[in-house]
Amino acid sequence: MRLVIARCSVDYVGRLAAHLPTANRLIMVKADGSVSIHADDRAYKPLNWMSPPCRLEEAPGVWRVVNKAGEELRITLEEIFSDSSHELGVDPGLRKDGVEAHLQELLAAQPETFGDGYSLVRREHMTAIGPVDLLCRDSAGAHVAVEVKRRGEIDGVEQLTRYLELMNRDPLLAPVAGIFAAQEIKPQARVLAVDRGIRCVVVDYDRLRGVVKDEWTLF
Amino acid sequence: MKFRVERDALADAVAWTAKSLPSRPSVPVLAGVMLRVADGRLHVSGFDYEVSSQVDVEVQADADGAALVSGRLLAEITKALPAKPVEIAAVGSHLELVCGSARFTLPTMPVEDYPTLPDLPQSAGTVDAATFASAVAQVAIAAGRDETLPMMTGVRLELNGSTLALLATDRYRLAVREITWSPADEDVDTTALVPARTLADTAKTMGPLGGEVTIALATAGAGEGMIGFAGGPRRTTSRLLDGQSYPPVRSLFPASFNAEARVPVSALVEVVKRVSLVAEKATPIRLTFGEDGLVVEAGGTEEARASEALEAAFTGDALTIAFNPQYLIDGLGALGSATALFGFTDSFKPAVLMPCGDDGEAVPGYRYLIMPIRVGR
Numbered sequence: 001m002r003l004v005i006a007r008c009s010v011d012y013v014g015r016l017a018a019h020l021p022t023a024n025r026l027i028m029v030k031a032d033g034s035v036s037i038h039a040d041d042r043a044y045k046p047l048n049w050m051s052p053p054c055r056l057e058e059a060p061g062v063w064r065v066v067n068k069a070g071e072e073l074r075i076t077l078e079e080i081f082s083d084s085s086h087e088l089g090v091d092p093g094l095r096k097d098g099v100e101a102h103l104q105e106l107l108a109a110q111p112e113t114f115g116d117g118y119s120l121v122r123r124e125h126m127t128a129i130g131p132v133d134l135l136c137r138d139s140a141g142a143h144v145a146v147e148v149k150r151r152g153e154i155d156g157v158e159q160l161t162r163y164l165e166l167m168n169r170d171p172l173l174a175p176v177a178g179i180f181a182a183q184e185i186k187p188q189a190r191v192l193a194v195d196r197g198i199r200c201v202v203v204d205y206d207r208l209r210g211v212v213k214d215e216w217t218l219f
Numbered sequence: 220m221k222f223r224v225e226r227d228a229l230a231d232a233v234a235w236t237a238k239s240l241p242s243r244p245s246v247p248v249l250a251g252v253m254l255r256v257a258d259g260r261l262h263v264s265g266f267d268y269e270v271s272s273q274v275d276v277e278v279q280a281d282a283d284g285a286a287l288v289s290g291r292l293l294a295e296i297t298k299a300l301p302a303k304p305v306e307i308a309a310v311g312s313h314l315e316l317v318c319g320s321a322r323f324t325l326p327t328m329p330v331e332d333y334p335t336l337p338d339l340p341q342s343a344g345t346v347d348a349a350t351f352a353s354a355v356a357q358v359a360i361a362a363g364r365d366e367t368l369p370m371m372t373g374v375r376l377e378l379n380g381s382t383l384a385l386l387a388t389d390r391y392r393l394a395v396r397e398i399t400w401s402p403a404d405e406d407v408d409t410t411a412l413v414p415a416r417t418l419a420d421t422a423k424t425m426g427p428l429g430g431e432v433t434i435a436l437a438t439a440g441a442g443e444g445m446i447g448f449a450g451g452p453r454r455t456t457s458r459l460l461d462g463q464s465y466p467p468v469r470s471l472f473p474a475s476f477n478a479e480a481r482v483p484v485s486a487l488v489e490v491v492k493r494v495s496l497v498a499e500k501a502t503p504i505r506l507t508f509g510e511d512g513l514v515v516e517a518g519g520t521e522e523a524r525a526s527e528a529l530e531a532a533f534t535g536d537a538l539t540i541a542f543n544p545q546y547l548i549d550g551l552g553a554l555g556s557a558t559a560l561f562g563f564t565d566s567f568k569p570a571v572l573m574p575c576g577d578d579g580e581a582v583p584g585y586r587y588l589i590m591p592i593r594v595g596r
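For the record, the sequence lines run as chains A and B. Using the working numbering, the first residue of the first sequence is number 1, and each one after it goes up by one. Using the working numbering, the first residue of the second sequence is number 220, and each one after it goes up by one.
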C-alpha cells in the first residue's frame with residue numbers, strides 16, 4: 001500500500017472525461033495495481049479511481065495509470081508532501097458471520113443467560129448432521145441444545161429441530177431440550193419454535209459483550 | 220346448541236375473549252372462541268396456552284351444546300350487529316347467527332380438538348376491583364418492553380398479610396403501589412411475577428365491573444406457575460414469569476431527601492409536553508428548581524430550544540436535573556393527585572415522585588422512582 005499526499009490535478013481520459021482541478025489529495029496505490037484519489041471527506045468513495053488490472057507509469061510530475069481498454073487516469077503532480085509504502089499482507093476479509101460467532105462465544109461464556117444454574121458442556125457439539133452451536137445443562141442437569149443466530153428465522157428453527165431429533169436418539173444425552181437464541185426472533189419462527197417445544201431467548205449482544213450504554217439506570 | 224342473547228352482552232363477551240387469542244396460532248383451533256351453553260348460561264372462552272380468558276353470559280338456552288368458531292370474525296360480527304336480540308344455533312358443521320334481519324353462517328371447528336382450559340388456581344384472596352384496577356394502571360406503565368430482559372416485562376405482586384404490593388421497573392423508573400386486600404390466609408407471604416400487559420388488560424376490564432376481584436395463586440401442586448383473576452362473570456389465567464432473582468428494588472428508594480419540590484401536576488404535564496416538542500428523540504428535558512420556582516428547558520445550543528417557568532414550592536439547594544420527558548409524564552399521570560411531591564438527593568441520583576395531599580405531605584401508598592439523565596453542561 002503506497003500512500004502519497006500531493007497537490008495534484010487529475011484527468012480521466014476514456015469513456016467518460018473527468019477533470020479534478022488542482023488541490024491537495026491522497027493518492028492510494030494498492031498492491032493489485034489499482035489507484036484511487038481521495039479528498040479529505042467521506043469514507044466510502046474516492047474522487048476518481050482506476051480499477052485493476054492496470055499499470056502505473058511514473059514520469060517526473062506526471063503519473064499515467066492505464067488499463068487494458070486504453071483508458072487513462074492522468075495525475076499531474078505539482079508538489080509531493082509525503083510518499084510512504086506499507087506492507088499490509090493478506091487481509092482475512094470481512095467475516096459476515098462475525099457477530100454470530102461472537103454471540104456464540106459470549107453465550108458459551110455466560111450460559112446463565114438462558115436461566116439460573118445453566119452450565120456449558122461444549123461449543124460446537126458434533127452430531128452426525130453437523131455441529132450444534134452450544135450444548136448446555138440446565139439447573140437440573142438435563143441437556144439443552146442451543147442454536148445461536150443473529151436473526152432468528154424459520155430456517156434456524158428447522159435446523160435446531162433436526163439436531164434435537166438426532167440428539168434425542170442418543171441415550172446418553174436424551175432428553176435434550178432446545179433453545180433458540182437470537183438478537184431478534186421473527187414472529188413466524190417464534191410460533192414454529194414454541195409449537196415444537198423449543199424455547200425462544202432474545203439476547204442483547206451489547207449487554208453480553210459488556211458494552212454499557214451511556215445512560216444511567218436504577219440498577 | 221341453541222340460544223338467544225342480548226347483543227351488547229354477547230359483543231362484550233366475545234370482544235374480551237377474542238382479544239387474548241393468538242395472532243399467529245400454531246394450531247388453527249386456537250384462533251377460535253369456544254361457545255358452550257349449559258344450565259342456562261353461555262360460557263365464552265379463548266386460550267393460547269399462555270393466557271386463558273372466560274366469561275359467562277346469561278342467555279335463554281333452548282339446547283345445550285358447544286361450538287368453536289373463529290374468534291376474530293365473531294368479534295367483528297357481534298360488534299357490527301344492530302341492537303336487537305341475537306339468536307345463535309349450531310347447525311351441523313355451521314353456526315347460524317340471526318340478529319334482526321341480518322343472518323350469518325360461520326363454519327365451526329371440531330370442539331374435541333380444543334385444549335382444556337386450565338382451572339383457576341386456589342383463591343389467595345380478594346381485592347376491591349376498582350382499587351386493583353387503578354393500582355395496576357399506576358404500576359404497569361413502568362414495566363419494560365425489552366424482551367432481552369423478560370423479568371422487567373412483568374409486574375411483581377407481593378402478597379404479604381393484608382398488604383398487596385405491586386412493583387414494576389424497566390431499570391429507568393420504578394413504580395410501587397401498596398393497597399390492602401383480604402387474603403384467604405392472614406399469614407400469606409409470597410410473590411408472583413405477572414406479564415404486565417396481561418395484568419393491565421385484565422385489571423382494566425375488571426375494574427369497571429365493580430365488586431371484588433379474586434386473585435388465585437397456587438403455591439404448589441396443580442396450577443403452579445400460574446395466576447388467575449376472577450371478577451364478576453369474567454375470569455382469566457396467565458402463566459407467570461420467572462421472578463426468582465428479581466432484584467431487591469425497594470432498597471433503591473432513598474431514605475431521606477436533600478431537597479423537595481411541590482408542583483401542580485396538570486400544569487407541569489402541560490409544560491413538559493410543550494417544552495419537550497423541541498427535545499429530539501431520546502434527549503432529556505432539564506428541570507431547574509430554585510427559590511423562584513421551576514424552569515423547564517429542552518434543546519441544545521445548536522438546535523431548537525424551549526423553556527418555560529412555572530410556580531413550585533421548593534426547599535433545599537437549587538438544583539438542575541434532567542429526565543426523559545415521557546418517563547416524567549408517565550409518572551406524573553400515574554400519581555392521581557393534584558400536586559406532585561418531588562424528593563431529590565442530587566442531580567445524579569434517582570428522584571422520587573409522590574402524590575401530595577392538601578396538607579403538603581406525601582400521600583403514602585404510591586412511589587415512582589425515576590433515574591435522571593446525564594447531561595453535559
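Hints may contain errors.
[Stated by the list, open to error] No farther apart than 35 Å at their CA atoms in a straight line, the calculated lysine-lysine pairs in the DSBU-like style are these:
1. B:Lys-500 with B:Lys-303
2. B:Lys-568 with B:Lys-500
3. B:Lys-303 with B:Lys-221
4. B:Lys-221 with A:Lys-186
5. B:Lys-298 with B:Lys-238
6. B:Lys-568 with B:Lys-492
7. B:Lys-238 with A:Lys-45
8. B:Lys-423 with B:Lys-500
9. B:Lys-492 with B:Lys-303
10. B:Lys-423 with A:Lys-186
11. B:Lys-303 with B:Lys-568
12. B:Lys-500 with A:Lys-186
13. A:Lys-186 with B:Lys-568
14. B:Lys-303 with B:Lys-238
15. B:Lys-423 with B:Lys-298
These are calculated hints, taken from the structure and not from any lab test.
- Message: Output the indices of the hints that this structure fails to meet, ascending.
- Response: Violated: hints 1, 4, 7, 9, 11 and 13.
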